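Q: Here are the chains, one letter per residue:
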Amino acid sequence: MSKLLEVNNLKVSYHTYAGEVQSVRGVSFDLDKGESLAIVGESGCGKTVTSKTIMGLIDTPPGEIKQDSEVLFNGKNILKFSEKEWQHYRGKDVSMIFQDPMTSLNPTMRVGNQIAESLIIHRGMSKAEALEEAVKMLEMVNIPNAKERIKQYPHQFSGGMRQRVMIAISLACNPQLLIADEPTTALDVTIQAQIMDLLKELQSRLGTAIIMITHDLGVVAGMAQKIAVMYAGKIIEKGFVDEIFENPKHPYTLALLNAVPKLELKNKEKLVSIQGTPPDLLAPPKGCGFASRCKYCMKICRIKYPEVSTISDTHEVACWLQHPLAVKVDLAEDIRREL
Amino acid sequence: METKIDKELFEVVGYDKEVSDAIVRPSITYWQDAWRRLKKNKVAMLSMLLLIVIGLACAFVPVFSKMDFKEQAIELANQGPSKEHWFGMDELGRDIFVRIWIGGRVSILIGLVGAFVSLVVGAIYGGVSGYFGGAVDDIMMRVVEVIVGIPYMIIVILVSISLGKGLTSLIIALCITSWTGLARLVRGQVLQLKESEYVLAAQMLGTSPMKIVLKHLLPNTLSVIIVNLTFQVPGFIFAEAFLSFISLGVQPPYTSWGAMASLGQQQMAYYPHELFFPAAAISLTMLAFNLLGDGLRDALDPKLRQ
Amino acid sequence: MAQYILKRVGYLILTMWVIVTATFFLMNTLPGDPIQTGTKLLPPAVEANLKEKWGLNKPVVERYFIYLKNVAQGNLGESMKSPGLTANQIIKEKFPASARLGLQAICLGVVVGLIFGIIAAFRRNTWVDYSVIFIALVGVSVPSFVLAALLQKALGGKILPIIGWPSENIWTSGFKYTILPTLAASFGSIATYSRFMRTSVLDVLNNDYIQTAKAKGLSKWAIIRKHILRNSITPIITMIAPQIAGIVTGSFIIERIFCIPGLGMYYVESINGRDFTMIMATTIFFSFFFVISIVLMDILYGVVDPRVRITGEKR
Numbered sequence: 143m144s145k146l147l148e149v150n151n152l153k154v155s156y157h158t159y160a161g162e163v164q165s166v167r168g169v170s171f172d173l174d175k176g177e178s179l180a181i182v183g184e185s186g187c188g189k190t191v192t193s194k195t196i197m198g199l200i201d202t203p204p205g206e207i208k209q210d211s212e213v214l215f216n217g218k219n220i221l222k223f224s225e226k227e228w229q230h231y232r233g234k235d236v237s238m239i240f241q242d243p244m245t246s247l248n249p250t251m252r253v254g255n256q257i258a259e260s261l262i263i264h265r266g267m268s269k270a271e272a273l274e275e276a277v278k279m280l281e282m283v284n285i286p287n288a289k290e291r292i293k294q295y296p297h298q299f300s301g302g303m304r305q306r307v308m309i310a311i312s313l314a315c316n317p318q319l320l321i322a323d324e325p326t327t328a329l330d331v332t333i334q335a336q337i338m339d340l341l342k343e344l345q346s347r348l349g350t351a352i353i354m355i356t357h358d359l360g361v362v363a364g365m366a367q368k369i370a371v372m373y374a375g376k377i378i379e380k381g382f383v384d385e386i387f388e389n390p391k392h393p394y395t396l397a398l399l400n401a402v403p404k405l406e407l408k409n410k411e412k413l414v415s416i417q418g419t420p421p422d423l424l425a426p427p428k429g430c431g432f433a434s435r436c437k438y439c440m441k442i443c444r445i446k447y448p449e450v451s452t453i454s455d456t457h458e459v460a461c462w463l464q465h466p467l468a469v470k471v472d473l474a475e476d477i478r479r480e481l
Numbered sequence: 062m063e064t065k066i067d068k069e070l071f072e073v074v075g076y077d078k079e080v081s082d083a084i085v086r087p088s089i090t091y092w093q094d095a096w097r098r099l100k101k102n103k104v105a106m107l108s109m110l111l112l113i114v115i116g117l118a119c120a121f122v123p124v125f126s127k128m129d130f131k132e133q134a135i136e137l138a139n140q141g142p143s144k145e146h147w148f149g150m151d152e153l154g155r156d157i158f159v160r161i162w163i164g165g166r167v168s169i170l171i172g173l174v175g176a177f178v179s180l181v182v183g184a185i186y187g188g189v190s191g192y193f194g195g196a197v198d199d200i201m202m203r204v205v206e207v208i209v210g211i212p213y214m215i216i217v218i219l220v221s222i223s224l225g226k227g228l229t230s231l232i233i234a235l236c237i238t239s240w241t242g243l244a245r246l247v248r249g250q251v252l253q254l255k256e257s258e259y260v261l262a263a264q265m266l267g268t269s270p271m272k273i274v275l276k277h278l279l280p281n282t283l284s285v286i287i288v289n290l291t292f293q294v295p296g297f298i299f300a301e302a303f304l305s306f307i308s309l310g311v312q313p314p315y316t317s318w319g320a321m322a323s324l325g326q327q328q329m330a331y332y333p334h335e336l337f338f339p340a341a342a343i344s345l346t347m348l349a350f351n352l353l354g355d356g357l358r359d360a361l362d363p364k365l366r367q
Numbered sequence: 549m550a551q552y553i554l555k556r557v558g559y560l561i562l563t564m565w566v567i568v569t570a571t572f573f574l575m576n577t578l579p580g581d582p583i584q585t586g587t588k589l590l591p592p593a594v595e596a597n598l599k600e601k602w603g604l605n606k607p608v609v610e611r612y613f614i615y616l617k618n619v620a621q622g623n624l625g626e627s628m629k630s631p632g633l634t635a636n637q638i639i640k641e642k643f644p645a646s647a648r649l650g651l652q653a654i655c656l657g658v659v660v661g662l663i664f665g666i667i668a669a670f671r672r673n674t675w676v677d678y679s680v681i682f683i684a685l686v687g688v689s690v691p692s693f694v695l696a697a698l699l700q701k702a703l704g705g706k707i708l709p710i711i712g713w714p715s716e717n718i719w720t721s722g723f724k725y726t727i728l729p730t731l732a733a734s735f736g737s738i739a740t741y742s743r744f745m746r747t748s749v750l751d752v753l754n755n756d757y758i759q760t761a762k763a764k765g766l767s768k769w770a771i772i773r774k775h776i777l778r779n780s781i782t783p784i785i786t787m788i789a790p791q792i793a794g795i796v797t798g799s800f801i802i803e804r805i806f807c808i809p810g811l812g813m814y815y816v817e818s819i820n821g822r823d824f825t826m827i828m829a830t831t832i833f834f835s836f837f838f839v840i841s842i843v844l845m846d847i848l849y850g851v852v853d854p855r856v857r858i859t860g861e862k863r
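Chains as they are written, first to last, in this note's numbering: chain U, 143 to 481; chain X, 62 to 367; chain D, 549 to 863.
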């Protein structure tokens, strides 16, 4: 069975006044039909740029997708698409929802029309048919009074409901892949849970594959099957969710897991945060990007990028700690001792 | 497949505090950054240079020139530019070159004084309105709204008529409604900053209110004021020129660029240089102020800080 | 929405009242005697008669209320210098020429300005963009009357008439006479509009919902039509009112330069001729025009921007 999506050695740079910023420095992963993948990392690690590349939303200039990059959707390299092919693909094969529902909707256009737009161009419906379908979409995302709601404007909806509208718009043409770029970051915690539940339900109902971009591991736990952890433009660890959560192999992954505030924190326990800041991608380090913040950093970490090691068929990590010559560390144990 | 790597390289060295915490770009103050950005904007710098040159010329050329701006030599009337009279003569035989710089003094003076008065009145009005808020603010802003509804030129004309001709009444007339823009701006700034998060943050960190005003409120407001001022000056120069065209402007023996342009326009068919030089003076000065204002606005915009 | 309109109309009335009052008191504080401006000294009987006619023997405050009442009824008084003609008559006669000039100028200004602005925004940082910016700068720095004079000199004569205006069929004939004046009067608007439209379009282009539109697979033209245009024109609408004011005041001089028998030229003449009643009447007329355009623009903005329409508040 061919993969739905294959990203091979994706490299994307931005040419700025200060020089070339290498946002994505060789990212590879794949996705099957109906699977869900979470891309996790802090701000600036390249996860948004990666997802935008899959949607073809990178402006070139000032962006540049390097020649040896490949993104295969159902076997076709989308990076070679013509503008017309992109227009057919976007909204129909792959959809995206963005972080801020407040600004992602056109304030002067009725919500119903915004949903109807994609239906009209991709499924050839008439305006009336599209509006009827829009009502059904709103109902699908659990917005009450859908019939009246489609005539309203975005500012008449609350934040959570706007995000539901975004979901409705993106799923209107039943795409095979939905990319959700930090869909809950701008929302209250209780609404976050609702949106995540909605996405899960829709995914199982429609069989859509989902790529979830987030910096919040809590969101990942309930939703994704696979995780890819990104740092400084590269994927440093990837695998199935339970593999990563129970057996993280990269110090960064471990630090992320530990930084999640736990409910059972005892009174005087400090919140764990990761010291230092990510490297400047104008002049990316030759070695491992995490080296300067890693307590296990070895000399070699600073001069050479780690080789990728396979922990299992599905679990990979890029860290020198996996090398036989490195000191043996049981990361999880180590941190538990520290706490 | 393993490549041979020296075992020594696997010695643990841990965190590198220096590297990881180093902030890559040096931090400089707001004003330094703004000045740096302005310097990079060649057009704005050129405009500033031009304005300085014009200002100096207006100040010093009449002092050092042999010609007097009032002196008439009827036999030379309407002559075009020549070696002795670089800009030519006007209809009464007066040297246009000297008159341009004398007239410039008046025009620029009106521009600067007008802008300054607007600034003071507008800033105080807006500051008070914003600071007190509530009903006071509401009423004061309603007043502004009504004033804004009155066509500027018409009020200027009326006030000019009623106050009589002359420089002072001209300036008063020009300033009567021009402060409203600045008042709104300042009020907006004050309101915004009163509530803004970083004032709250500063307060929470224990900074004294005075420090908050000086370090946070002022720079932001100042930059807005500076930009607004730069755009106001050409407005005044234009208004004065307009009034001169309908004979309400500066009266003889004083002259201004507007007055000269008005006279020149009448002679335009046969002696275009009489209109050309004052018109060019007005246009170039206004252009320079506008370009400088644009540059300042970009340089002082905190969101564009690099 | 109705509440919004009511508020705006209230504003209109209030502002007009302020203007009428200000005009009245300014005109009445003028030094000198409006009657004794002729070269000959008038005999006391005639003077008394005239004073009675103009109501100048009554105290200022009483005169004010009489005037206020008159204005409210639409009676703007009589000309002092052209006896027998009422202000309303004069305005009716002179206004059409100015109206045509103004209308043509605002249409040209808005349409050309918008188009230039859109093109400049889409061809950012190319020579097209720079030329538009240049035109905008010139329009803002070169006063319209200077431009008028230059246009006259450059294009007048053989190609286009230097001065003049059709005297009959004011609206339909003599188009070529209107070309130069309209160009001169509209230049400022073209400049302002192209500049602001360019900024507005660039602003809209940066918005997230444009990205959403692209992500839906809309074509470039569809995005321009349905998402960009409407959202970038909306903030520009409120700028029409000041443009109208600019064109009105610009007309004072342009009409003089091109010898157009309009209300603007007449206004300047009454100022120089000290015809106080006409000065007041024309001032009030122009102001009314201006305030009405502000209010109409506000209402139009309310209609176009759904956020205002539904909440009834100005943003």
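Hints listed in this document are in silico derivations from the structure and should not be mistaken for laboratory results. The structure presented is a predicted model; accordingly, all values stated were derived computationally and were not measured. Incorrect hints may appear among the rest.
From chain U, some residues computed to sit far from chain D (all C-beta separations above 10 Å) [to be verified]: (1) E148; (2) H157; (3) Y159; (4) S185; (5) L199; (6) T202; (7) G233; (8) S237; (9) M251; (10) E259; (11) N287; (12) H297; (13) I311; (14) Q318; (15) M338; (16) M365.
Label pairs and their in silico Cβ distance ranges [stated by the list, open to error]: (17) T569(D) x N284(U): 30 to 38 Å; (18) V686(D) x A330(X): 51 to 59 Å; (19) I785(D) x F387(U): 29 to 37 Å; (20) D751(D) x Q312(X): 25 to 33 Å; (21) V197(X) x A620(D): 27 to 35 Å; (22) S300(U) x L110(X): 16 to 24 Å; (23) L266(X) x V609(D): 55 to 63 Å.
We treat Cβ as the ideally placed atom computed from N, Cα and C, and that holds for glycine.
Q: Hints broken by the structure, by number, lowest first?
A: Hint check: 5, 7, 8, 9, 10, 12, 13, 17, 18, 19, 20 and 22 fail, others pass.
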